[in-house]
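Student: What follows is the residue order along each chain.
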Amino acid sequence: MRLDRGLWGNLDWFLLALVLAICLLGLVNIYSTGFSLLHDKTSALFVRQSQWLLMGLCGMVIAFFLGYRFIASWAYVIYALSVILLVIVLFYGHTTHGSQRWINIAGFSFQPSEMVKLTMILALARYFNDHPSPRSYTLKELLPPLAICVLPLVLILRQPDLGTALMLLILFVSFIPVVGIRWRDLVTVTAVTAVLVPMGWFFLKDYQKERILTFINPYRDPLGSGYHIIQSMIAVGSGGVLGKGFLKGTQTQLKFLPEQQTDFIFSVFAEEWGFLGGVILLAMFTLLVVWGLRIALHSRDYLGTLVAYGITALIFWGAFINMGMVLGLLPVVGVPLPFFSYGGSAMVMLMTAVGILLNISTRRFILQS
Amino acid sequence: MNGRLNERDPADLRRPFRYVLWAVLLAFSLLAVRLAYMQIVRGEEYRERSESNSVRLRKIKPYRGLILDGDRNVLVDNKSSFDLVYIPPRVMDIGPVIEKVRRLYEERGLKIANENPPSGKTRAFVPVCIERDISLAKVAVIEGHALDLPGLIVEVSPSRDYPEGEVMAHLLGYTGEISKEELEQAEGDHFGPGDIVGKDGVEKYLEPYLGGRSGMEQVEVNAAGRVVRSLGRVEPVSGYNVQLTVKRRIQRAAWEGLNGRPGAVVAMDPRDGSILALVSSPSFDPNLFRGGISAGDWVKLSRNPLAPLENRVVSGQYPPGSTYKLIVAAAALQEGILKDDTRFFCRGALEMGNRQFRCWNRGGHGWVNLHRAIVESCDVFFYQVGRLLGEERLARYARQFGLGDFTGIDLPREKKGLIPTAVWKEKRFKRPWHTGETLLTSIGQGYTLTTPLQLAVAYGALANGGTLWRPRLIRQIETADGRVIKAFPPERRGVVPIGEENLRRLRKALWGVVNEGGGTGGAARRPQGDVAGKTGTSQVVGETPGGRKRGKRYEDHALFVGFAPFRDPEIVVAVVVEHGGHGGGAAAPVAKKVIDAYFEDKAGEGGRR
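Those sequence lines, one after another, are chains A and B. Throughout the first sequence, residue numbering follows the numbering used here, covering 1 to 369 in sequence. Throughout the second sequence, residue numbering follows the numbering used here, covering 370 to 978 in sequence.
Keep in mind the hints are simulated off the structure, nothing from the lab. Treat each hint with caution, since some may be false.
Each computed DSS-like pair below joins lysine-lysine, with the alpha-carbon atoms no more than 27 Å apart [unchecked claim]:
#, chain 1, residue 1, chain 2, residue 2
1, B, Lys-428, A, Lys-205
2, B, Lys-549, B, Lys-490
3, B, Lys-490, A, Lys-209
Owing to the predicted nature of the structure, the values given are computational and were not obtained by experimental measurement.
Input sequences plus hints: build the corresponding full structure.
Tutor: Below is the structure:
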């Protein structure tokens, strides 16, 4: 085996460089949002995000050296652990902005719901790999993996965190085109969903209904949830072609946007760096996703394909939903922008995922060379 | 690896991957197109909107609820505070602006009160507070020169007024800007940076009721930051009013009684545990905290060796001294150690091994029975009783009187005190217990520590026939128009295991302390002869282990705990005067003042209505 030399020699430098470039842009951007805040939070946001990025890099290195096959062999255990954490959060977690998402472990406060995105992908990949279907899956055969998705989803809905719950469901559905489903069943599911979704309306919390109604017409509630969308769109639009410049976004610096460092971070970037910056960032995400798909397709085994595909889907949906939301194309559901939004749990989880992706990409060459 | 490579033919995968790739490209193109549409096609329009965008959300602070005393006198009121704020039109040096304000003030003979006005560079459009809580004269100056002073505005915000000042500080607490930690701990999303919350006392304890809810206003501001018009408004909701059980008149009497000496006074209604007065001295003026306390004032308060911020009634732990003898006596009576005819001989001291335990009266009390021993506070009598009782049994009774445990009062930072036992000492010091320590414990010295509030509650039980109440500070919470939304009924914590006959004997002895010849508490006597109580002197230096040997003064603390009227007690008072010397001399007169005030208040009430 030429494993060790190969691991280094064949490191996917392009992927690594691309991810690091996005992370650095994100840090610069966080600096800008922190800059405008009163009470000298200036450095605090930036410093903490940098620390989390460093922790994420550690996670990345560890995941890279453990290897995706080893990690996948523990997939169910990790998955179970993360689900247990979700249960603990429901009982002991602390509450911010009306939902109970955080948990304290060894002085760190983190969100198990971020972690579960990755562990669920691993568990699903493992399941589809261990139970291959000769042709396409029937609906019945898809029930166990669906359960893998629904269990944490229900727990997260209880927090309540609609954005993350939705994300889990979308990730599960994303696997379908690759693992395959019978046409007949696909039609059935689509039909049933079309009927059930309107009924789901009655299970939403008032503030969630409010968000959807406001999405349709932001001016319905310009003081409340519509305020975010309107101000975010003004921020993005006023950036123009070249942007207002670093630390010069008036929308950002004047704090028209509350909590801009988390879900609305892209509006800060688009305001200060304009269309040029926005398109470059979009291109970087596109490249990253396309590259991820390439890694998935060329993985040396099916397991690697599934894991790489799932991680790529995670990055894609995070970017698409978040930007779509900021640009007023999608309702505000609270999905962070990968590598960009302020938040430690997501950063560490994503960088760990990138470590796995790097490993899959690197192993491919080892087999073939 | 076990040969599971490529269960699916990679060729099979190419087709779905191609679809996925197209979907991804389509999705991102959609975003790019949208971005182009917003930033290029409509960019100019949005830019104009952002420049004239002067629409911002402004938080409207609510008025906090009022705090009333038992007779509905206002103890904490609201007033409008005017803050001078500058909104810089660009990044600039704030110095000249301050200078301009200073010159304007000087024309009218006014001065900037803020010790450290802001300095250095400002950020564009980020409001800078130049001076908080300015006088109406200053408001007039600023508003009169509005045109020469672009960017300078006077912001009105509600603030607290504490008319009683130092007298009620520990009880009521104070308010201040919410801290980072409090913000993180806060539940729900109705707290934000800059909000004013209760920081201590009732203000803190009842924050959820007193605080109210912020309102929001969407306003359009001009380039100078002045509000041009309001576009929409959600009104703030004022906090609920709170009525306390405390009586202002009694509280003032207690404060005047201490007369600036460090110490604590607490008065309680033994019939239901209602607190009538609660004073800790030295104190501070809660009005100092309005709009943020200045650094100088804060240092003065927090570094003061006399700890004016500490509430001595609930967190001051003192050896109970002779006031503890009542607990010893109650235990001994109940255990059958003391009979009607039990007498001990006091010759001024008791020998134990090679040590001598002295009575405060060096000349000795001669033959004494329980009644005389309490009246004259004979130490030797209680050394003997304590030795027969043993420290374990004594500790058990002390606990049943609520000592060594939280009373459960609705105030922060209550201390438990300490009821020592052999087991405790073994654990704490890894040393065995000596009988000598039992003797010291039985006269309330040694390791034993109690808070003034614990003593009041314990004596309350003696006075009311045995019921231990949880001290009650808050009567009810009500809306602005007087509708009660929550009442706080009295709460029984337990019953002391002392028979009615024994309690009566103890009360009679306590009456003797104040009203009989030779009693130590004569200074609390009223012409009506209706006060009963016990003096105490807690040693500061000497046998006090780990005590305050480094204190500036070494004089003993003076204690008095008593109640009135003797027949059917309505008020129990505990007084500690730090370094006051003997309890009879320093503390008993304070208790008398408080009791006088109580009966005057009662008579006045009858007369008024």
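Student: Does each hint fit the structure? Answer for all of them.
Tutor: Taking the hints in turn, this is what the structure says about them:
1. For the suggested pair Lys-428(B) and Lys-205(A), the alpha carbons sit about 25 Å apart, so the restraint of at most 27 Å is met.
2. For the suggested pair Lys-549(B) and Lys-490(B), the alpha carbons sit about 24 Å apart, so the restraint of at most 27 Å is met.
3. Note on Lys-490(B) and Lys-209(A): the hinted pairing is violated, with a Cα-Cα distance of about 45 Å set against a maximum of 27 Å.
Violation of the numbered hints given earlier is confined to hint 3; every other hint is satisfied by the structure.
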